[in-house]
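Those protein sequences? They're chains D and P, same order as listed. Residues 0 to 159 (numbering that gives the first Met the number 0) make up the first sequence, in order. Residues 0 to 568 (numbering that gives the first Met the number 0) make up the second sequence, in order.
Hint data in this document are derived by calculation from the structure and do not stem from the laboratory. In this text, all values refer to a predicted model and were calculated from it rather than measured experimentally. Backbone N, C-alpha and C define an ideal beta-carbon position, used for all residues, glycine too. One should not assume that every hint holds.
Said to hold, decoys possible - Here's a subset of chain D near chain P, in silico, CB distances under 10 angstroms, partners left out:
#1 N10
#2 Y30
#3 I39
#4 K106
As the list claims (entries may be wrong) - If we take Cβ atoms under 10 angstroms as the criterion, some of the chain D residues that face chain P in the derived model are:
#5 V20
#6 T44
#7 M46
#8 L49
#9 P50
#10 P70
#11 V74
#12 A101
#13 F105
#14 S107
#15 G111
#16 V121
#17 E139
#18 L143
#19 A159
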Amino acid sequence: MTRAVVLGIGNMLMTDEGIGVHVVKALVQRYDFSAEVEVIDGGTTGMELLPELEGAGHLIVVDAILIGQPPASVVRLEGDQVPAFFKTKLSPHQVGLSDVLAALAFKSAAPGYVVLIGVQPVTLALGMELSPPVKARLDEVVDLVVAELAASGHPARLRA
Amino acid sequence: MTTRITIDPVTRIEGHLRIDVEVENGHIAKSWASGQMWRGIEKIVLDRDPRDAWAIVQRICGVCTTVHAIASVRAVEEALELEVPLNAQYIRNMVLTAHTLHDHIVHFYQLSALDWVDVISATKANPAKAARFAESISGWEGNSAAVMADTQERLKTFVASGQLGIFTNGYWGHPAMKLSPEVNLMAVAHYLQALDAQRWANKIVGTLGSKTPHIQNLAVGGVSNPISTDSQSVLTLERLLEIKECIDKVGAFLHNCYFVDVAAIAASYPEWLSLGAGVNDFLSSPDLPTDTRNMQFMMPGGFVPGGDFASFRKISRFGDPYFTDGVAESIRHSWYTYKSSDGELKPWRGETTPAYTDFQDDGKYSWVKSPTFYGRPAQVGPIASVLAGVASGHQTTRLYVERLSDKIHALSGPKISPAALNSTVGRHAARVIRACVVYEDLQANWNLLMENIGKGDVATFNKPTFPKGEIAGVGQVEAPRGLLSHWVVIKDGRIANYQAVVPSTWLAAPKNDKGQPASYEVALLGTPVADPERPLEALRTIHSFDPCLACAVHLTDAEHRTVVEVRAL
């Protein structure tokens with residue numbers, strides 16, 4: 000069985016910027032995962048993530064993205080769309096994460112398949128809570144990640 | 000003719016720094032450093048429990064999570080005059096030194112080597128010749144002809160696939176690039192090997208801190224690592240031995256690869272040992288405490304005014320009034336306003352009220368405040384720590400300054416004096432010297448922890464109690480990028496004020512209220528710029544400081560896509 004990694008990135012101090020981290024926290028609270036699944040709160044880091052992403056079969060990234068959609072929109076990008084997305088620098092974290100992915104490609108150890116689930120932020124103001132419209136979509140994003148894992152052969156179990 | 004160049008963003012990682020320079024007759028005549036994001040993170044911890052602040056403030060920055068966390072618990076402990084158990088000190092010291100090694104390796108190879116190394120040129124190298132050269136300067140196991148040939152194949156494939164991602168800010172074929180194709184190939188091979196070395200360093204942080212990138216093991220009063228020689232769930236002998244293995248692997252790379260490569264860059268670019276001098280007053284904090292009351296340290300720190308060792312004044316403990324009385328921040332050229340005037344404020348009385356204007360050359364132009372030490376800017380960073388070490392007679396520091404100088408000389412470069420460290424390449428030299436020093440300290444702390452546990456001491460935590468009324472504390476850390484201080488005021492057990500004065504603030508500040516520039520602006524003056532469209536030389540100098548404005552100021556900005564903008568004045 001190949002490894003699957005769920006990586007939530009964002010800054011929890013800047014409201015909707017932290018959506019990726021909020022989703023990861025909710026996932027860990029609500030579900031149990033098999034040993035091949037790693038769920039990581041990546042914060043706003045870069046190179047520290049390299050060992051976790053190295054050789055992963057399936058990488059699911061959750062992030063706040065500025066993609067010109069109405070506020071609180073949820074979008075899904077996959078495969079080749081993801082590197083293209085990072086090249087156009089729409090995500091706040093693209094520099095750090097794209098560096099890691101490029102370094103892994105150079106080492107021939109890039110994740111086999113990359114999916115990005117993004118949420119267009121309503122606000123990036125200072126604060127540790129999500130804006131109400133983005134918070135209202137949190138469960139939906141969590142479900143999307145769980146469906147993504149199930150589709151890749153890594154079903155998560157809802158905690159009793 | 001004068002040309003104005005704007006570089007934005009500057010860093011390959013967190014792009015929140017903008018540099019403007021005016022070039023006259025091929026040299027930089029004026030410079031501005033500007034943080035482009037609002038800094039208001041401190042407000043988020045107001046009125047919270049001081050015991051929770053560290054977990055929040057480590058989110059200030061994506062690169063230096065660990066040091067903000069440590070600075071925060073130290074600030075609260077200093078306010079409470081709380082002793083920290085020896086085991087907790089040793090564990091924190093190991094986390095800090097391993098984190099520093101991680102930072103320095105990543106900085107040199109992943110974030111700044113491409114300023115000196117032409118990756119495309121490496122595709123034209125003769126791998127056997129590259130290996131002969133590499134083996135002649137170091138016995139490193141990653142220098143064989145097979146490794147060089149494999150690296151070149153990977154590189155060719157990578158270039159052909161059009162995925163130059165990590166290298167896109169590089170300036171291939173720039174006239175300021177001087178290494179042969181073979182030396183470039185050696186550097187690319189080491190770039191890949193550095194990715195492995197950094198993970199060993201990070202594993203030490205992760206094992207002790209329970210997790211990376213955000214460590215979980217801190218507490219005001221110590222650490223939350225229970226120590227046991229038999230249980231599996233805690234810090235066991237087995238885990239400590241795993242850590243020792245990681246320490247040894249990092250050490251092999253540090254001494255045989257990183258140290259030698261810095262010497263090779265210095266020998267190949269000697270002119271950069273006399274370009275790029277920053278502010279000539281140096282400030283560092285002592286760190287790596289070895290007693291419970293933060294009075295004795297492995298790493299000395301203090302103030303070296305004018306680079307004069309005879310004038311060195313030591314900072315003797317955490318919270319030393321000589322340090323706390325000296326630090327203030329001014330905002331004359333920063334996008335803030337103070338209630339009373341635009342003069343200086345001590346961090347404990349610091350204010351963070353935004354007052355944005357446009358970018359005004361002679362007015363306000365940055366979100367970074369201007370910190371001063373007794374009214375003057377100071378240069379912080381590995382260089383300040385190394386110079387404090389030399390000034391105070393710290394043997395390990397002196398030893399590695401000498402060894403590096405000898406190695407550069409052996410590679411046909413000049414002998415370097417400690418004064419030459421205040422230069423663009425000199426800051427890289429200081430960083431690797433410091434890496435070697437903290438590596439010894441990492442080993443020493445591992446031994447101390449083992450010995451102390453062996454004596455039967457397993458204490459890791461002293462419970463804090465908060466008094467009624469107001470208390471204040473400072474948390475000092477000699478972080479990878481230099482002196483970091485968190486300043487906390489606690490009233491009736493809740494946070495009443497919080498300010499972080501971070502290394503990049505000291506370095507990237509705009510001019511202070513007396514018009515004195517900080518190190519980025521000073522270092523750029525006089526720098527040659529061969530091609531205004533490709534200002535590689537300016538980037539070399541700025542990158543040598545290991546810029547990280549994510550914490551000096553932080554927010555996200557998707558709009559800044561232009562890297563260099565040039566206009567004639």
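Structure-based check of each hint:
Look at D/N10: its Cβ gets to within about 6 angstroms of chain P, closer than 10 angstroms, so that hint holds up. The closest approach between the C-beta of D/Y30 and any C-beta of chain P is roughly 19 angstroms, which is over the 10 angstroms cut-off, so the hint fails. Evaluation of the D/I39 hint against chain P yields a held restraint, the C-beta minimum of about 9 angstroms falling below 10 angstroms. The interface hint given for D/K106 is met, as the beta carbon of that residue sits about 6 angstroms from the closest beta carbon of chain P, less than 10 angstroms.
Checking D/V20 against chain P by beta carbon gives a least distance of about 9 angstroms; that is within 10 angstroms, so the hint holds. About 4 angstroms separates the beta-carbon of D/T44 from the nearest beta-carbon of chain P, less than 10 angstroms, and the hint is met. Evaluation of the D/M46 hint against chain P yields a held restraint, the C-beta minimum of about 5 angstroms falling below 10 angstroms. A hinted interface residue such as D/L49 counts as satisfied when its beta carbon comes closer than 10 angstroms to some beta carbon of chain P; here the least separation is about 6 angstroms, so the hint holds.
Annotation: interface hint on D/P50 holds; nearest CB of chain P at approximately 5 angstroms, less than 10 angstroms. At about 15 angstroms, the closest approach between the beta carbon of D/P70 and any beta carbon in chain P exceeds 10 angstroms, and the interface hint on this residue is violated. The beta carbon of D/V74 comes no nearer than 15 angstroms to any beta carbon in chain P, farther than 10 angstroms, and the hint placing it at the interface is violated. Given hint, D/A101 at the interface with chain P, holds; its Cβ is 3 angstroms from that chain's nearest Cβ, closer than 10 angstroms.
Nearest Cβ of chain P to the Cβ of D/F105: about 5 angstroms, under the 10 angstroms cut. The hint holds. Satisfaction of the interface hint for D/S107 is found here, the shortest Cβ-Cβ separation to chain P being roughly 7 angstroms, below the 10 angstroms cut-off. A hinted interface residue such as D/G111 counts as satisfied when its beta carbon comes closer than 10 angstroms to some beta carbon of chain P; here the least separation is about 16 angstroms, so the hint is violated. The interface hint given for D/V121 is broken, as the beta carbon of that residue sits about 14 angstroms from the closest beta carbon of chain P, more than 10 angstroms.
The interface hint given for D/E139 is broken, as the beta carbon of that residue sits about 23 angstroms from the closest beta carbon of chain P, more than 10 angstroms. For D/L143, the interface hint is violated, the least distance from its beta-carbon to any beta-carbon of chain P being 22 angstroms, above 10 angstroms. At a threshold of 10 angstroms, the smallest CB-CB gap from D/A159 to chain P is about 23 angstroms, leaving the interface hint violated.
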